[in-house]
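Please arrange chain D on chain G, whose structure you already have, making use of the hints.
Chains as they are written, first to last, in the numbering used here: chain G, 1 to 431; chain D, 1 to 431.
Since the list gives no way to pick out one identical chain from another, each pair is judged satisfied if it fits inside one copy or across any two copies.
Listed next, the in silico DSS-like pairs over lysine-lysine satisfying Cα-Cα at most 30 Å (straight line): (1) Lys256 - Lys407; (2) Lys151 - Lys337; (3) Lys390 - Lys25; (4) Lys158 - Lys367; (5) Lys380 - Lys249; (6) Lys198 - Lys213; (7) Lys72 - Lys311; (8) Lys311 - Lys3.
Don't read these hints as lab results, they were simulated from the structure. Source: prediction; values computed, not measured.
Protein chains: 2
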Amino acid sequence: MIKPSILSGMMELLPQDQILFNEIKDTIEETFKKYGFLPLDTPVMEKQEILFAKGGGETSKQVYAFEKGSSKIGLRYDLTVPLARYVSQYFSDINFPFRRYHIAKVYRGERNQRGRYREFYQCDIDIVGHEKLSLYNDAEIPAAMSEVFTKLGFSNFKFLFNNRKLLNGFFESIGLDDFIFTLRTIDKLDKIGEDNVKNEFIDYGLDSKVIDKLLDFIATKGTNDEIIEYLEGLNISNELFQEGLKELKFVYENMKALGVKEENIQIQLSITRGLDYYTGSVYETILTGYESIGSVCSGGRYENLAENYTKQKLPGVGMSIGLTRLFYQLNESNLLKESSAHITDCLIIPMKGYENNGIELLTELRKDDKMVQIYLEGGKLKKQFGYADKLNVPYTIIIGEEEVKSKTYSLRNMITGEQVSCSYDDLIKYL
Amino acid sequence: MIKPSILSGMMELLPQDQILFNEIKDTIEETFKKYGFLPLDTPVMEKQEILFAKGGGETSKQVYAFEKGSSKIGLRYDLTVPLARYVSQYFSDINFPFRRYHIAKVYRGERNQRGRYREFYQCDIDIVGHEKLSLYNDAEIPAAMSEVFTKLGFSNFKFLFNNRKLLNGFFESIGLDDFIFTLRTIDKLDKIGEDNVKNEFIDYGLDSKVIDKLLDFIATKGTNDEIIEYLEGLNISNELFQEGLKELKFVYENMKALGVKEENIQIQLSITRGLDYYTGSVYETILTGYESIGSVCSGGRYENLAENYTKQKLPGVGMSIGLTRLFYQLNESNLLKESSAHITDCLIIPMKGYENNGIELLTELRKDDKMVQIYLEGGKLKKQFGYADKLNVPYTIIIGEEEVKSKTYSLRNMITGEQVSCSYDDLIKYL
Numbered sequence: 001m002i003k004p005s006i007l008s009g010m011m012e013l014l015p016q017d018q019i020l021f022n023e024i025k026d027t028i029e030e031t032f033k034k035y036g037f038l039p040l041d042t043p044v045m046e047k048q049e050i051l052f053a054k055g056g057g058e059t060s061k062q063v064y065a066f067e068k069g070s071s072k073i074g075l076r077y078d079l080t081v082p083l084a085r086y087v088s089q090y091f092s093d094i095n096f097p098f099r100r101y102h103i104a105k106v107y108r109g110e111r112n113q114r115g116r117y118r119e120f121y122q123c124d125i126d127i128v129g130h131e132k133l134s135l136y137n138d139a140e141i142p143a144a145m146s147e148v149f150t151k152l153g154f155s156n157f158k159f160l161f162n163n164r165k166l167l168n169g170f171f172e173s174i175g176l177d178d179f180i181f182t183l184r185t186i187d188k189l190d191k192i193g194e195d196n197v198k199n200e201f202i203d204y205g206l207d208s209k210v211i212d213k214l215l216d217f218i219a220t221k222g223t224n225d226e227i228i229e230y231l232e233g234l235n236i237s238n239e240l241f242q243e244g245l246k247e248l249k250f251v252y253e254n255m256k257a258l259g260v261k262e263e264n265i266q267i268q269l270s271i272t273r274g275l276d277y278y279t280g281s282v283y284e285t286i287l288t289g290y291e292s293i294g295s296v297c298s299g300g301r302y303e304n305l306a307e308n309y310t311k312q313k314l315p316g317v318g319m320s321i322g323l324t325r326l327f328y329q330l331n332e333s334n335l336l337k338e339s340s341a342h343i344t345d346c347l348i349i350p351m352k353g354y355e356n357n358g359i360e361l362l363t364e365l366r367k368d369d370k371m372v373q374i375y376l377e378g379g380k381l382k383k384q385f386g387y388a389d390k391l392n393v394p395y396t397i398i399i400g401e402e403e404v405k406s407k408t409y410s411l412r413n414m415i416t417g418e419q420v421s422c423s424y425d426d427l428i429k430y431l
Numbered sequence: 001m002i003k004p005s006i007l008s009g010m011m012e013l014l015p016q017d018q019i020l021f022n023e024i025k026d027t028i029e030e031t032f033k034k035y036g037f038l039p040l041d042t043p044v045m046e047k048q049e050i051l052f053a054k055g056g057g058e059t060s061k062q063v064y065a066f067e068k069g070s071s072k073i074g075l076r077y078d079l080t081v082p083l084a085r086y087v088s089q090y091f092s093d094i095n096f097p098f099r100r101y102h103i104a105k106v107y108r109g110e111r112n113q114r115g116r117y118r119e120f121y122q123c124d125i126d127i128v129g130h131e132k133l134s135l136y137n138d139a140e141i142p143a144a145m146s147e148v149f150t151k152l153g154f155s156n157f158k159f160l161f162n163n164r165k166l167l168n169g170f171f172e173s174i175g176l177d178d179f180i181f182t183l184r185t186i187d188k189l190d191k192i193g194e195d196n197v198k199n200e201f202i203d204y205g206l207d208s209k210v211i212d213k214l215l216d217f218i219a220t221k222g223t224n225d226e227i228i229e230y231l232e233g234l235n236i237s238n239e240l241f242q243e244g245l246k247e248l249k250f251v252y253e254n255m256k257a258l259g260v261k262e263e264n265i266q267i268q269l270s271i272t273r274g275l276d277y278y279t280g281s282v283y284e285t286i287l288t289g290y291e292s293i294g295s296v297c298s299g300g301r302y303e304n305l306a307e308n309y310t311k312q313k314l315p316g317v318g319m320s321i322g323l324t325r326l327f328y329q330l331n332e333s334n335l336l337k338e339s340s341a342h343i344t345d346c347l348i349i350p351m352k353g354y355e356n357n358g359i360e361l362l363t364e365l366r367k368d369d370k371m372v373q374i375y376l377e378g379g380k381l382k383k384q385f386g387y388a389d390k391l392n393v394p395y396t397i398i399i400g401e402e403e404v405k406s407k408t409y410s411l412r413n414m415i416t417g418e419q420v421s422c423s424y425d426d427l428i429k430y431l
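Chain G extracted, bound-state conformation (with noise of 0.2 Å):
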């Protein structure tokens, strides 16, 4: 006998708290759709060739490898890549803007800790464009994801906003050459703290004058308007910068029109997306209150998602929520609805002898398309309503000689306890 187990880094819910997920998952993919993104479903397993085509790295450590006869393997760690090569792979079927949803898991062989899964859901929109991509989908992309949030009954969520060309165009500005050591260091700050950041910048060779002044620039605090008017006051003539304070007060506006509210936007300079390939807006999310959780939602703007498998110029721009670990942060922080999940609206519980009349009233409720289900295992009535309060079912229907002589049903509100007897009609309106 082998000890029944899963391996580790793997969620794996009970039905009720599997329920509350794939709610979650449902709202997230309804949303998704209503604002006219299209579904994609591609294989867990891409060819290598694919997976590492941008070479080695972090990531490519992470990858679950392997070979079967000629083929070389992996597991899909994002829905990126698989994007990128899908629009290139089927280019000329692709009406352009693509639109596509994509929910689905990624595996990643990661080091073991808690919170943090190997199999993972990710829930992915992406607007890529042929050539061009009108920065008004810089808006449209954080304006799904807020309806997502909004409907998932966070009303304390926060996009944090930022553009990477104004960044860069600031960094020029204060003679800081070197964007990606510079970004990179920024992006510490939360983990290493002030302190060491300073002196990373020391030892990297930068005057101290220059760091205060970074430091300064993404330490900025204030309302959307005055985060503007701040950067709007800083008379920096960098062309980079002034295209960056544009692109950033644009899709501001677009976001608010598109009907995002001003409580869940603010702008913040620290805001990098560490190396990515970003080139325009960057979008981090946070639950306010609930800030340790990290980002529960992220992306940017890219200027060509797929440049390792077509010449064909792809810009988009895109944003992913990470739900296998969104799910377990909210169930940490006891953020999930209490429990009263269900499947099932009713149990029939016939007495013995009158399965019968249980099996005609299931066949009738299920023809008026009630989610009903019915006890057959026979036993005591205690343990046919043990199976009904462990099934959280919010009402139950006894079927017996009485009832069926008087043709009706003693319908049962478990939660109340209230139980009363009534005709089909009537079961109709209640259930």
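Just chain D, lined up with the frame of chain G:
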């Protein structure tokens, strides 16, 4: 540059087909939920010791197996092994009888053939009891599947239905004690034909009279009532045969009581489900007129689901749809709906300079829960309508100077080409 391509044996669809595929998948899931099956989502990767607990055989050669660090990993090749592992692992948390559905991808490194996939969706429902499980469930499972096929628009499906006890009892009654050999040989009938099957039995040393009895038996044709009458008329006193006959009749009656139409049920004594672990009811499902597609939904009753992982006796009954293969076959047989599949109901096309008016309307319509998107990439009207056409979007709304002045919208029916000028309230009615 790497040529964008995927591994062979994977189904990957263009958005139009993906929408259709997802519609089918959603219908299946909604029906499973309606029938009170609970959702399960287990890791795609299982420990090799779990997957190989049963010992070697054909299947184990097909498993995608590999190591990472010290972990021996395999991709699941069905959803039954994960179910067995799951109910063993969480036994004390599970509410029996446990009704679960699982719609997910499984992996088999099969030889590459047309219509056979190495990654494919299975859609499983099972009801698993502890110690015992009422025979009613053998009717409940096909009842749920009957609603699935009906909702999918197949009125011409037929459950081919048999009972293993009945078969084994009959074999015993004519002196055939090697059930495994007999079942295996019968199972080849469709593939190698009656003459070859006869020869195999002769080679095995069977008397030709016995072979004729056997082949006559399994070739029995007739209505369900005629076949039951025939079985009763055989007057076979064998206990197993009688038990099987009783079960067959009971399940048949209760399938009808649960709403399965007589025309969708066919008792067929040649159905054996090969060498699987089935012990009672066995089912296959064909689409009448498309028998060559093969069974699109199969399953049966098993006495002990998880003996490799637990001492608990867990009998169950289940059926499974091979969705990827079904989709492929429906497509090949032109049984998929003419593709008017779309996600978005309406595309707003603002004239140059009227983008903000377009966004305003878009935001209003989305607040009213309409599935709308906007085209803001500029360019000529022809290009914009080209985008709308490829989206299959039923309506477009044009906004320009005239519309803004007169506070109306030009709504164009993209199928009829008809265009009307209307108010916002009218828009809501149309969409």
